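Chains A and B supply the protein sequences, listed in that same order.
Count along the first sequence from 1, then add 131; that gives the number in our numbering.
Count along the second sequence from 1, then add 1270; that gives the number in our numbering.
A portion of the hints provided could be inaccurate.
Listed below are several chain B residues computed to face chain A (Cβ distance under 7 angstroms; list not exhaustive) [what the hints assert, rightly or not]: (1) 1273; (2) 1364; (3) 1376.
If you're looking for bench data, these hints aren't it; they were derived computationally from the structure.
What you are looking at is a predicted structure, and each value in this text was computed from that prediction instead of being measured.
Idealized CB from N, CA, C, for every residue including glycine.
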Amino acid sequence: MAKALKSPKGQIEGQISALRVGGGLPYGERLARRLDFLLDAFEEEGEAWEKDSPDSLRQMFLFLRSVPDFRCPTVTITPSATFRAQWGAGRNSHLAIDFLPDGQVRFVVFSPDLRHPERVQRVSGIVSRLDLMRVLEAFDVHRWTADART
Amino acid sequence: MLRPHETYLSTNWLEFTGMSSRADQVAIIRQHLANKGMTLPASGGLAVLHLQSVIDHVRSQAPDARTLAAHHEPILPPDPSHAGIYGYTVDDQLIADLIAQVVQEVHEARG
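Could you put the whole structure together from the sequences, leaning on the hints where they help?
Given below as structure tokens:
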């Protein structure tokens, strides 16, 4: 009921508040501060939230909680008002995930080819959020997404 | 990144401004953007791309050897330097990320 009554912005702010008070992410406060900043910048630019934007954020949080060894991503808001998380370590180690409201993710991965280090593998696609890590296994993304403490 | 309905990446042609310094070029572009009602956020940035570098990088690195193209798309009178980079859509996230790799400079949106 509460979701139905709240605006997209209100729902997003509610999720960010929940992240602060026990969102289950070790970098929750840092991520919440970044999201606060993005919300302000997005609206200052005259962009409008979509009704599905809160679901995109919810999908991102669900994914981040499923990969507790990942470090805090760089988060942006896309022109479609969805949320995008990105990790990188140089031009050839790159993972970007755009969280669609329906539970799918649009991803891009650039990864050094372990057998041929002079080559770079570049793959993109759309898969279910639940299947993403299985798809990414071949690219050993933990080499640049993992928190150094883990 | 593109919006779902967009057929090209909206950009501005720095050299079209006729200014010789980058600072002056960017100042004119800011004016063109403001003239068409775009609100530039205080925390925002304007990225500078070298067109041939973008085309060469994407063609050499994209799995499908994608060839992008650019066209002058003046919006008269408010934004005469407006231009577009064609050849990809909102679904081509890999192409968008390759373009982002060759950003040469980022200037403050409001200067």
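Quick rundown of the hints versus the structure:
1. 1273: Result: holds, 4 angstroms to nearest chain A Cβ.
2. 1364: holds (4 angstroms)
3. 1376: This interface hint is violated because 14 angstroms lies over the 7 angstroms limit.
Violated hints amount to a single one, hint 3; each of the other numbered hints is respected by the structure.
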